[in-house]
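Visitor: Each chain, written out:
2 protein chains.
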Amino acid sequence: MDIVKLPELLVLGPPILFKVYEREFSTKFHILKPYESPLRTEIYLQTHGQSVRALLCYGKSPVTAQMLRLLPSLQLVMTAGTGVNQIDLPECRRLGISVVNTGDVFSEDTADYAVGLLIDVLRKISAGDRHVRRGAWPVHGDFSLGVKLGGKQVGIVGLGNIGSKVARRLEAFGCIISYNSRTKKSSVLYNFYPNVCELALNSNILVICCSLTEQTRHLINKDVMTALGKDGIIVNVGRGPIIDESELVKFLVEGEIAGVGLDVFENEPSVPRELFGLDNVVITPHRAAFTQEAFFEAFKVLVANLEAFFSNKPLITPV
Amino acid sequence: MDIVKLPELLVLGPPILFKVYEREFSTKFHILKPYESPLRTEIYLQTHGQSVRALLCYGKSPVTAQMLRLLPSLQLVMTAGTGVNQIDLPECRRLGISVVNTGDVFSEDTADYAVGLLIDVLRKISAGDRHVRRGAWPVHGDFSLGVKLGGKQVGIVGLGNIGSKVARRLEAFGCIISYNSRTKKSSVLYNFYPNVCELALNSNILVICCSLTEQTRHLINKDVMTALGKDGIIVNVGRGPIIDESELVKFLVEGEIAGVGLDVFENEPSVPRELFGLDNVVITPHRAAFTQEAFFEAFKVLVANLEAFFSNKPLITPV
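Chains as they are written, first to last, in our numbering: chain E, 1493 to 1811; chain C, 1493 to 1811.
Watch out, some of these pointers could steer you wrong.
[As the list claims (entries may be wrong)] Here chain C is said to cover these stretches of chain E; the calculated rule only asks that three of the stretch's residues, wherever they fall, bring their Cβ under 8 Å from a Cβ of chain C:
hint : stretch
1    : 1567 to 1578
2    : 1654 to 1663
3    : 1667 to 1681
4    : 1709 to 1719
5    : 1756 to 1770
Hints were generated in silico from the structure; no laboratory data involved. The structure presented is a predicted model; accordingly, all values stated were derived computationally and were not measured. All C-beta atoms, glycine included, are put in the ideal place defined by N, C-alpha and C.
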């Protein structure tokens, strides 16, 4: 009997996606799991990682220059998601290490989720559900009015895969779309604002869909929130640090903006406790991309990339 | 100084819409409020209602044949909403009393709300918000996967003003629309099923948008839910009694359908307590039509009807 040696895959985190498909991954690859080892990660990598050529991480498992130095054979870094802000991209480039994400498989679901958060905030769905579950409906019948979605000026921050899908969905609700992006897109007719403050000044609602980079960190600051104004709503399905969270909390507590729908936070899984008592906020645990269907697509994309990599073919979804 | 006698308007309930715009109504009409009187309603109507020509009610204030007999001058019954199931329409017709609703002003908001409830159920937004607020995210990081909206077969029950707006919105999310209605609509290309069981058999999701009539009471019964199946989702923004609620509760508790988003219930404001502990249900206090913008539009429609009525002009939104 031939013993086939499976190619090694080092898993950091682990990503939830990996946990869901661990059995399937394990039939194709020899999995290295530092998170199950009693050794410190650095020691584990020095001991077991010397021949590792491929690594799987996710949004919350940083891939630093220091870690890369401990993995001399590494040629491929894959993330089980869309964002790559946790990966030291310049260092990967310098070392000739390829970086791969899951491509576009999560963008429809993330766009759906952004719309869901927005309707929830405007129409107080979660707050209404709490009202009913705590038995308040028969006692305090009245429940305050919501805000109409139709006709609202929506500013999309980042008109990429996700942002353009959010825009297309909100058009069907009668919203008027504008956007801010690194560059004006020739493919759309929406109003473009090169400055996010100007976008906020001309919007009732901001939907944050951009990726986290040094340029977008705290892009949504005090000035942007002031420009958006007291009746403004913010939805964030990008990354937490794109918003200056402590300023946001102040604006909410002081009633200087009307409401927020947040799926991402600056220090996940920690969420500012000041938000827990507010009825004009919807706060969810970074799940905009989490559907059974998208996870299965992402699993297939990751395996296809690994199979291409180990057979020296071009990668499917390089970043 | 001339004393102008304002026309009388009898208000039952009162509707929340009336409470929001009471000051404005009171400058134009002499308001009769049986709900503020110590008299029993029948006695109040016999004492103060003999010359009343116009009445304003809402979904939860029945206008019965018995009540109509106590109001000999009545010529106009207005409801501050869309549904007229609380009004004895045949008796109004027999007595030559006109019936008016608020027309189409609530249908966009109700359609938005239906989509919001659906995304919330599929993607567990309210459940995720509860997870975060109870401090569970840092402790039990994982939170189960949701279900993708795109590509789903959605069956619209009642393709009227609201149903067709729900359909148009869900098309933008990549859903495949079918419908059941009294008659096939020549204006749309969606698949038509004359039988709601057949619609359920061919749908992943049912969205109830029809009005409550003797034909639609308990239209969504055990057979329809069985046809929809274990993975099926139901959203109801029509009226509670369109669903056999006690059967629905059984199906949910036994896991025979996957989830529901309900804004309406059979015995509002009472909601089956079995639902309070379930994470796959979203239950809100009959607020699908409740936005500041739609309320203002509805107020204008009601006043326009009253002004037309009292100056013998054609009504704006007769039922």
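Visitor: Taking the hints in turn, state whether each one holds.
Guide: Going through the hints against the structure:
1. 1567 to 1578: violated (count 0)
2. 1654 to 1663: Coverage by chain C holds for the stretch 1654 to 1663 of chain E (3 residues, Cβ < 8 Å).
3. 1667 to 1681: This one is violated; 0 residues, fewer than the three required, reach chain C with a Cβ under 8 Å.
4. 1709 to 1719: Coverage by chain C is violated for the stretch 1709 to 1719 of chain E (0 residues, Cβ < 8 Å).
5. 1756 to 1770: Answer holds; 5 residues pass the 8 Å Cβ test.
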